[in-house]
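Can you make the complete structure from the sequences, with help from the hints?
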Amino acid sequence: MKVTQNRNLETTSMGLLLGYFILSIFLNSLGNALTVSLNLGSALWTAAAVNIAKITPISLSAMLFISGFIVIIVNLVILKKVNVKRILGNLIFMTPFSVLVGIFATELVKLGIHSLNLPVRIFLDCLGVVLIAIAISLYQRINWMLHPVDDLMQIIRFKYFKGSSTIAQLVTFTPPIVAIIISVIVSHHIYAINVGTIFALLCQGPIVGIADKIVFPSLKHRNLD
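Numbering (our numbering), first residue to last: 11 to 235.
There are no misleading hints in this set.
Computed Cβ-Cβ distance ranges for the label pairs, DEER-style: (1) 67 x 227: 39 to 49 Å; (2) 212 x 109: 27 to 37 Å; (3) 120 x 36: 14 to 24 Å.
Worth flagging that the hints you see were computed from the coordinates, not collected in a lab.
Ideal Cβ positions, reconstructed from N, Cα and C, are used throughout, including at glycine.
Here is the structure:
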C-alpha cells in the first residue's frame with residue numbers, strides 16, 4: 011500500500027508523539043513475544059534470530075541486538091552517508107525492544123499460553139503479527155528512532171518503491187529467509203516457522219499500509235530522507 015510523503019509536517023504535539031512512540035515499542039515487543047512464545051510462526055526477522063540462537067550459545071535478546079546492529083551497517087551503505095543521530099536512535103531503540111521481547115516471551119510461557127487450544131493459539135500468533143505491523147506503522151510515521159530493520163524498510167520504501175509498504179516489506183524479508191535456510195541446514199531443525207510466518211510474509215507489509223491510514227490517521231510520515 012502506498013502513502014503520500016509529508017516531509018515537514020510538525021502539527022502533532024511532542025507529548026502526543028511521545029505517547030505514540032512508547033505505545034509502538036510496547037506493541038512491537040508484545041507482538042514479537044507472542045509469536046515467539048506460541049512457536050506457531052514468528053515475523054521473519056524474529057524467526058531468523060530464534061533459529062540462529064538455537065545453533066549458537068547466544069541468547070535470543072542478544073541475537074536480536076546483533077542482527078539489528080548488522081542492519082544498521084546495511085542502512086549506512088544504502089544511504090551513502092553516516093548519520094550519527096540515526097545510528098544512536100537505532101541503538102537506543104534496540105535496547106528496550108530486545109529486552110522486552112525476552113521478558114514478555116518468558117512471562118507468556120510461564121502463563122501457559124502454549125497450552126491453549128490450537129485455534130486460539132493461531133489467532134494469538136496472527137494477532138502478534140498484526141501488533142508488530144501496527145507498531146511499525148506508528149514509529150515509522152513518528153520517525154524519531156526506529157528499529158534498524160524497520161528503518162531499512164522505510165528507507166527502501168520511499169527511496170525505491172514509491173511508498174509501497176507491501177513491496178518494501180517483502181524485499182526486507184529476504185535476508186532473514188536466507189539466515190533461516192542456513193540455520194536449518196546446520197541444525198536440521200526449524201523453529202518459529204509456521205502459520206504465523208506465512209501470515210507475516212503475506213500480510214505484514216499490507217497491514218502496515220492499512221494502519222498508516224486507519225490507526226491514528228492524523229499522524230503523518232515525518233522527516234523522511
